[in-house]
Amino acid sequence: MKKKFMCMLMAAAMTLSMAACGSKSDDTNTDANTDGTDSAEVQTFKLGSSGPLTGDAAIYGMAVVQGAELAVNEINASDSKIKFEFQKQDDEADGEKAVNAYNTMMDWGMQVLVGPTTTGASIAVADACYNDRTFMLTPSASSTDVTAGKDNVFQVCFTDPNQGVGAADYMAENYAGAKVAVIYRNDDAYSQGIRDTFVKEATDKGAFEVVYEGTFTNDTASDFSVQLAGAQNAGADLVFLPIYYQPASIIFSQAKAMGYAPTFFGVDGMDGILTMPGFDASLAEGLMLMTPFSATDEANQAFVDAYTAAYGTEPNQFAADAYDGVYIVKAALEAAGCTADMSNEEICDALVSAMTSLKFTGLTGTDMTWNAEGQVSKAPTAYVVKDGQYVKG
Amino acid sequence: MTQKMNKFNSLKKTTKVDFATYLGVIVVFIITTILQNNGSLKRSAIGLLVPICCYMSMAVSLNLTVGILGELSLGHAGFMSVGAFSGIVASQSLMGAIPNAPVRLAISMVVGAIFAAIVGLLIGTPVLRLQGDYLAIVTLAFGEIIKELINCLIIGYDENGLHFIFNPAGNKTVDDLGLSASGTAIIKGAQGATGTATIATFTAGFILVMITLIVVLNLTRSRAGRAIMAIRDNRIAAQAIGLNLTKYKLMAFVTSAALAGAAGALYGLNYSSLQATKFNFNLSILILVFVVLGGLGNIWGSLIAAAALTILPEALRQFADFRMLIYAIVLIFVMLATNNPQVKAFFQKLLPHHRASAEKED
Amino acid sequence: MEFLSYLISGISLGSVYAIIALGYTMVYGIAKMLNFAHGDIIMIGGYVSFCAMFYLGLPNIVAVLLAVIVCTVLGVVIERLAYKPLRSAPSLAVLITAIGVSYFLQNSALLIWKAAARVYPPVVEGSMQLFGGKLTVSYVSLLTIAACVVIMIGLTTFVNKSKMGKAMRACSEDKAAAQLMGINVNATISATFAIGSALAAIAGVLLCSFNTSLMPTTGSMPGIKAFTAAVFGGIGSIPGAFLGGLLLGIIEAMAKAYISTNLANSIVFAVLIVVLLVKPAGLLGKSVTEKV
Chain A
1 MKKKFMCMLM AAAMTLSMAA CGSKSDDTNT DANTDGTDSA EVQTFKLGSS
51 GPLTGDAAIY GMAVVQGAEL AVNEINASDS KIKFEFQKQD DEADGEKAVN
101 AYNTMMDWGM QVLVGPTTTG ASIAVADACY NDRTFMLTPS ASSTDVTAGK
151 DNVFQVCFTD PNQGVGAADY MAENYAGAKV AVIYRNDDAY SQGIRDTFVK
201 EATDKGAFEV VYEGTFTNDT ASDFSVQLAG AQNAGADLVF LPIYYQPASI
251 IFSQAKAMGY APTFFGVDGM DGILTMPGFD ASLAEGLMLM TPFSATDEAN
301 QAFVDAYTAA YGTEPNQFAA DAYDGVYIVK AALEAAGCTA DMSNEEICDA
351 LVSAMTSLKF TGLTGTDMTW NAEGQVSKAP TAYVVKDGQY VKG
Chain B
1 MTQKMNKFNS LKKTTKVDFA TYLGVIVVFI ITTILQNNGS LKRSAIGLLV
51 PICCYMSMAV SLNLTVGILG ELSLGHAGFM SVGAFSGIVA SQSLMGAIPN
101 APVRLAISMV VGAIFAAIVG LLIGTPVLRL QGDYLAIVTL AFGEIIKELI
151 NCLIIGYDEN GLHFIFNPAG NKTVDDLGLS ASGTAIIKGA QGATGTATIA
201 TFTAGFILVM ITLIVVLNLT RSRAGRAIMA IRDNRIAAQA IGLNLTKYKL
251 MAFVTSAALA GAAGALYGLN YSSLQATKFN FNLSILILVF VVLGGLGNIW
301 GSLIAAAALT ILPEALRQFA DFRMLIYAIV LIFVMLATNN PQVKAFFQKL
351 LPHHRASAEK ED
Chain C
1 MEFLSYLISG ISLGSVYAII ALGYTMVYGI AKMLNFAHGD IIMIGGYVSF
51 CAMFYLGLPN IVAVLLAVIV CTVLGVVIER LAYKPLRSAP SLAVLITAIG
101 VSYFLQNSAL LIWKAAARVY PPVVEGSMQL FGGKLTVSYV SLLTIAACVV
151 IMIGLTTFVN KSKMGKAMRA CSEDKAAAQL MGINVNATIS ATFAIGSALA
201 AIAGVLLCSF NTSLMPTTGS MPGIKAFTAA VFGGIGSIPG AFLGGLLLGI
251 IEAMAKAYIS TNLANSIVFA VLIVVLLVKP AGLLGKSVTE KV
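If you read the sequences in order, they're chains A, B and C. Just so it is clear: in the first sequence, position 32 is 32 by the numbering used here, and no numbers are missing. Just so it is clear: in the second sequence, position 140 is 140 by the numbering used here, and no numbers are missing. Just so it is clear: in the third sequence, position 40 is 40 by the numbering used here, and no numbers are missing.
Do not take every clue at face value.
[Stated by the list, open to error] In the EDC-like style, the derived pairs of lysine to aspartate or glutamate whose C-alpha atoms are separated by at most 20 Å in a straight line are: (1) A/205 with B/321; (2) C/114 with A/41; (3) A/359 with A/345; (4) A/256 with A/280; (5) B/172 with A/237; (6) A/256 with C/2; (7) A/386 with A/373; (8) A/200 with B/176; (9) B/172 with A/209; (10) A/205 with B/176; (11) A/256 with C/125; (12) C/163 with C/173; (13) A/200 with B/175; (14) A/378 with A/297; (15) A/81 with A/41; (16) B/172 with A/204.
[To be verified] From the structure, some residues in chain B lie toward chain C, with a derived Cβ separation under 10 Å: (17) 72; (18) 129; (19) 135; (20) 136; (21) 159; (22) 162; (23) 164; (24) 286; (25) 293; (26) 325; (27) 327; (28) 336.
[As the list claims (entries may be wrong)] Residues of chain A placed beyond 10 Å of chain B at every Cβ, according to the derived structure: (29) 101; (30) 151; (31) 306; (32) 312.
Everything labelled a hint here was simulated from the structure, so no lab data went into it. Computed from a predicted model, the values in this text were never measured in an experiment. Every residue, glycine too, gets a C-beta built ideally from N, C-alpha and C.
Starting from the given sequences, assemble the full structure and let the hints guide the process.
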C-alpha cells in the first residue's frame, strides 16, 4: 500500500516537474539585444511563429517558419531600430498542439505572433489570441473563420472566398463557354472553401459550366486516375485545382500518363510547383495560376536567393507570406510607435489601430491594405507557365 | 485512529489500490489547482490540463476494452470523435436555452456519452463475435469510417431547430442548410466545427476522470467485472459455466465507448476549432500506447502513462527538430526496458524489495 | 471502356497493396506480430532508390537493387534491435514497439530528406494505347501487375518447396516444436524479416512510380491499407494476401468512380467488415478450431 501511494506521489511530482521544465525550456536566449547593438533606441520585440514542422503538412509549416526566420535575420542584421527575437514551434497542424505551441511561446514572453500556418490550427489559436489580447498575423491560414469576430487577428494571404470568386471571374472573362472540372481536397478547409465560392460564383455568372467535381482526402491524395478519368469522360477542357502543389504534381503526371491534356488552372497553393525537386516542368506547360507571389519574378530575386542560400530549397508562396508578415509587423510597430517594454496587450491594441491604416508593399502584393475584419486587400496576378517559367497572362 | 487503520488494512488489496488511485487523483487535482491559483504554473502547463484529463479518461476507458475485456480495439478515437461532435452540437445549440456554461458543459458531455454509447452498441453487436487481430482490424475500419462520415456532415442551428445535411458527394455547403438569418453553422463538413464556445474547464476534466474511475473500477470489481475477466482469461471455460459472452462483452465495450464519448465532448469544447481528421488511426494508436505502457488492466498505470506521454512531446520542445525522433526513441526504449526479461531481471536484482512485492502481486 | 480504365487502375493499385500485404502476411505468419513499421520501410525504399537515381545517376535497375539491399539490411537490423528482445513479451508490447519504430523511421526521414515532397521519376516511362487510343495503360501499371504475379508465384514456391520455406512453415505452426526439430527459429525469423523488407523495397519503388511523389509519410496509409488487405484475404496466407490486395484496389477504384470519392475508404472498410463477419478468418484464411 505504502509503495503504491509513493508511486502515485512520485508520478504526480514527475508530472508537475515535467510540465514546469517543458515550459521553461526556451528561456535561455532571452537577451539577444545585449549583443551587437548598445543603442538605447533599438527596440527588440519577441516574435513567435508556428506551423507543422513534422507530419504530412511539414512542407508548409517549414516554409512559413523559415520565411519568417529569414526576415527576422535580415532585420536584425540591418540598422533598423526595431529588432526581433524569434522563436518557432511545431504545431503539427493540429488545434491542440497549436494551442500548446502558442502557450509555450507566451511563457517565453512572445509579444507578436506571425502564425500559425494551417487554418484549423489558426482558428484554435486565434481564439486564444483574442482572449489574451495578443496580436496575431497569420501568413497562410486563409479561411474567413480565422479572422471572423476577432479584431486582433489579421491575414497576409487572400481569403478563400476571395480566391474562388477571383478565379471564377477570370475564367468567365477568358474562358467563356468552357466545360470546367474541379478536383479538390474536401477534408481541407482551404481547398473546400475556395471550391465552394468558386462553384457558387460560376453558377451565378453562368458564363461557363462546371461539368465534373472530384474530391480526394489526405488519405487518398496519391492516386487521381479515377477523378481524372471522370473529368475526361465529362468532356472537361479546363480543370480547376484549388489545391496545394504537391498533389497537383501527381495529377499532372497521371493526366499525362493517361493521355489527358486539358488546361489546368490553379490558385496560390499551386505556386512552388516549378521548384519541386525532380519535377518535370514540361508537365506544367500551359498551367494557369493566380497567385500573389512568383519565385521566378525578377523583383523577388533577392529574397529567393537569400532563402535558397539559407535553407537549400527555393521558397514557395508560404515562405513569402511569412517573410512579408514579419515586415508587416515591423512596419505596423513603427507606425504605432511601440516600444519593447510594452506588454502584449498594449502592443496588440496599438497594432490593431495601426493595421487598418497601413499600406504595405512586399513580395506578395503591392499596396496591401487591411479592413477591420483583418482581411487583406491585394490583387492576384494571373500567370501562365511557358517553358518552365511564369509569364504574366 | 488505529481502529480505522486496522479496518483499512483488513480491506482487500484491490480495494486498497482503488482507494489509493482515487486519493492520488484528488491530491494531484488539489495541488495543481493551488499551483494554478497562486500563479506558479506556466501557461503551457495550464493549457495541457484539460487535454490530459481527456486522455486519462480515454486511456482508462480503453483499458476496460483492451486490458480487462482482453479485446484489442484500434478505433477508440472514433468514439471520441462521435462524442466530441455531438457534444459540440449540443453545446452550441443549447447556448440560448442554457446560458450557464458548466451546466451546458455537463449536458454536452452526457449527450456525447449517449451518442458514443449508441454507436458503440451498433458496432459492438455484430463485431464482438470476432477475435484477436480480426477484431482489431474491424475496429480500425470503423474508426476510419466514422472519420469519413463526420467529414460529410454539415449541421447548423437556428430558431427552427437543428438542420442536417449528409454530403457524400461534397457538393453542398453551409448555404444549402437553409438557415435563417440568426442561425449559425456548427459543423461545416470537412472544415469541421469552428467558432465553438470553449467552455471546458480543468474542474470538469477532474470530475470526468473521477467518474471514469468510479465507473470502470466499480464495474471491474463487480460480479459483471469478474465475468468479463473470466471471458478474457478463458473464453471457453467462461462459456461452459453459462456466462452470456455477448452480454458481458457488449457491457464492457459500450461502457468504454460512452466514457470515450464524454471525454471527446470535453476535448471538443476545449478548442474553438476541431476537424474530424484529428480523430484518426494515429490517435487511436496513441491511446493504445498509453494503455500498454501503463500496463494492461492497470488503471492507475493508464492515468500516469497518459499524463506522462502527453507532457513528453511538450517537454521535448527544446530539442526543436529532433523532438519527435526523441519521442520515438524513448517509446522504443521504455517498451524494451519494461518487457525484456533480461532487463527486467536486472532491475529486480537492483531492487530486492520490488521483486518481493512483484511476486506477491502475481 | 470507362469501366475498363477504372478496372486497370484498380488492379495496378491493388497489385501494389498485394506486394506490401505479402510482406505483412509473411512476418505475421511467422513472428505473429503486426509490423506497423512495414509501411515506413516502403518509404525508405522509395527514398533510397530516388537518391540513387536522382543524385548518384545510377541506372534504374541498380537503384532498385540498392533499395532492396538497404531495406533488407534495415529490416534485419530493426528485427535484431527492437523485436528480438521482445520475443517472449506480450504481443501488444511488440505492437507498440513497432509503432515506435515507425515514428522513428518517419522522423529520421524527415530530418534526412526534409519535408518537401520529391517528384519521383517512374522507373519505366510511357504508356501504350489500346482500342485505337480509347484506353491508355501506362507501363508502370503493367510492370506492377507483372511484378506482383511473379512475386506471388515465387514466394509460394519458396515457402512450399525450399528448406527455408519448410522451416518457416514449421515456425508458424509451432515455434517450440520447430526448435526441438532442430530448426534455428531466430535465423528463420530474421530471414522472414529480410524477405518482407525486400518486398517492401520493391513495393516502395512501384508505389512511388505509380504516385510519382515521395514524402516521409508516403508509406503510412498504403501500409494500413495493405494490412487491411492481408486481413481481408486471411492473414498468414500468401495467396490470401495477393487476392486481398487485388480486391481492395479494385473495390477502392470502383467506389471512387461510381459511388463517392469522399467515402471510398469507408466503402473499402465496410466491405472488409462484411467479409469478416461472414468469414471471420478472411477469404482464404484457415479458421482454427479452438481446443478445449
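### Message
I'd like to know which numbered hints this structure contradicts. Please list them from smallest to largest.
### Response
Hints 1, 2, 3, 5, 7, 21, 22, 23 and 29 are the ones this structure does not satisfy, whereas the remaining hints hold.
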